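Listed in order, the protein sequences are those of chains B and L.
Per this note's numbering, the first sequence runs over residues 1 to 162.
Per this note's numbering, the second sequence runs over residues 1001 to 1204.
Honestly, the hints are just simulated from the structure, not real lab data.
Among the hints, erroneous ones may be present.
[Stated by the list, open to error] For lysine to aspartate or glutamate, the following DMTMM-like pairs were computed, each having C-alpha atoms within a straight-line distance of at most 20 Å:
| id | chain 1 | residue 1 | chain 2 | residue 2 |
| --- | --- | --- | --- | --- |
| 1 | B | K110 | L | E1198 |
| 2 | B | K51 | L | E1069 |
| 3 | B | K135 | B | E38 |
| 4 | L | K1115 | L | E1069 |
| 5 | L | K1195 | B | E98 |
[Stated by the list, open to error] A few chain B residues facing chain L, derived, Cβ under 7 Å:
| id | residue |
| --- | --- |
| 6 | I102 |
| 7 | T109 |
| 8 | A119 |
| 9 | P126 |
Here the structure is a predicted model, which is why all the values come from computation and not from measurement.
Backbone N, C-alpha and C define an ideal beta-carbon position, used for all residues, glycine too.
Here are the chains, one letter per residue:
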Amino acid sequence: MDVGLAGTLFVSTMMLVSHVMPISVIFYYVMTTTKVNEFMAGMSKMHIPNKVTIPLAVMIRFFPTVFDEARDIGNAMRMRGIRLFSLRTLKNPLAILEYRLIPLLVSLTKIGDELSVAATTRGLSPETRRSCIVKIGFHVQDVVVFVYCLAVVVLFCSWSVP
Amino acid sequence: MSNVRSTGKKTSNTLVRDLVNVGVFAALYIVLGFMSSSIGYIPALIVFSTASIALVTSVPMFLFYSKIERPILCCMLFCGIFGGAMLVMGQSVIMFAISLAVGLLSGTILKIIGKNFAGLYMANIVLSLMSSSMMLPLWLYTEKYLEYTRGMCDEGYVAKLAELSNSIWPLVGIYTFGILGAVIGGLVARRIMKKHFERIGLAR
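Here chain L stands alone, though its shape is the one from the complex:
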């Protein structure tokens, strides 16, 4: 039986471990992302929520990147699961497409540069674009989004959102702060990796 032989190979074992790791870190990423993005419900702090997501999640992402063996497949699956979860919770299809593209890009970066600090750092910065794209519908479909929000929010919040959506600069700010959070978070994550994970043998 060819099936039995293929399960006995070493490659298949690492593939199962990779897939399990994708599931574990996807669950962790969704939980941490929701917790750290909750400061965005104050309208003035919307711009900073992406920075806080990128800052908090960069530590688990560094661990995730250093544990996987097949970067492109794992990153695509990870981002696809996150995008699918966002799709179920009411984001647009564009979010799903963006997350797949981000997964492909960060996986390719990891594959080309390798699993050293530079590769992990750049892949983490690229991944922060995914969580930053959650606010994109406000600028892409301004009228629809405001109409949708008006049904359930008070006027002050909608007015603030409309004020935000008038200019392109808040969008630039959201992406800039997301990247900035990933840049700082990457440095923090490097220190934490050295201090904790490499010592107990979780990462190389």
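Next comes chain B alone, as it looks inside the complex:
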């Protein structure tokens, strides 16, 4: 079936949407419902070293921040006429890299520095073991969900790979 460039573009975009959609839904759910505190407590229960846990926790906290800051900077730059296909960016394509990326980087590094200072003040350290008031464990309901997911994967593999 030959559908041309536009058709291929459309189909591959739809493919991307249909493929990335479940992952994005799970991702969004995990990001919005997991508190950083509980995430770190669970990770330390699983005996994962703090050196791995701290960057992951910061990353989870930072995904919404990246999008928020990018949107704010985009609004500010729109007032100055710097958009993806405006006259000014067509004249100088690197300008969009400079005008959108640099403010984002500056504000993100500032937020990151403040975050690390706040974390150090509260006694976050890779060497110490942190305590958590929330009780986190692996109970019957977790086992049920785990077995269900495992069964789905096994069934899928046994059907698709004869």
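Fit chain L to the supplied structure of chain B, relying on the hints for placement.
Chain L only, in chain B's frame:
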């Protein structure tokens, strides 16, 4: 209590700052990488997507390299997080191994040469190999990959992919363009570092 004493040391404070920086820049790298690699969904432009990733991400990477104090640990963690995220999104285990190796290599380069322009430049070029390796399964497991793509794509796209996978030259092109993007991006990043970040005191 020995714990209290160790948190009071200066080394521990910089370690926390390093770890926070790894998290911040990993989130930024993943977002920017996905945005700039989106031109690869046009089959003719697959080869150029690696160049665009390397070009766009070299500015944040320069800032990241100049801010960290423990190069090997931070680069390993950074690349490990990126490889792990790719693993979750359906890449092969080889991608994870490659990203760990790339992290070790770029961290070692930073450690040996130091945080001057040459070190940053070479570490950035090595790091571009990581994002270029995302297309590697097409050549390693050609049959499986095409079969997998046939289930959800139209025939034109699969035919283009099969045409690409017949010869080794597109793979060489992908890596060459990735390195080329890092080479140009490094020069752009140096200018931007001088013009913006050093002036406001974010980097030395």
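Hint by hint, here is what the structure shows:
A distance of roughly 14 Å separates the Cα atoms of K110 of chain B and E1198 of chain L; the hinted pair therefore holds under the 20 Å criterion. The hinted pair formed by K51 of chain B and E1069 of chain L meets the criterion: a straight-line CA distance of about 14 Å does not exceed 20 Å. Among the hinted pairs, K135 of chain B with E38 of chain B is consistent with the structure: their alpha-carbon atoms are about 9 Å apart, no more than 20 Å. For the suggested pair K1115 of chain L and E1069 of chain L, the alpha carbons sit about 10 Å apart, so the restraint of at most 20 Å is met.
The straight-line distance between the Cα atoms of K1195 of chain L and E98 of chain B is roughly 11 Å, inside the 20 Å bound, and the hint therefore holds. Hint on I102 of chain B holds. Least Cβ distance to chain L is approximately 5 Å, under the 7 Å limit. The interface hint given for T109 of chain B is met, as the beta carbon of that residue sits about 6 Å from the closest beta carbon of chain L, less than 7 Å. Checking A119 of chain B against chain L: minimum C-beta separation of about 6 Å stays under 7 Å; hint holds.
Contact between P126 of chain B and chain L, as hinted, is supported at the beta carbon level, the nearest pair being about 6 Å apart and thus within 7 Å.
Violated hints for the displayed structure: none, as all numbered hints are satisfied.
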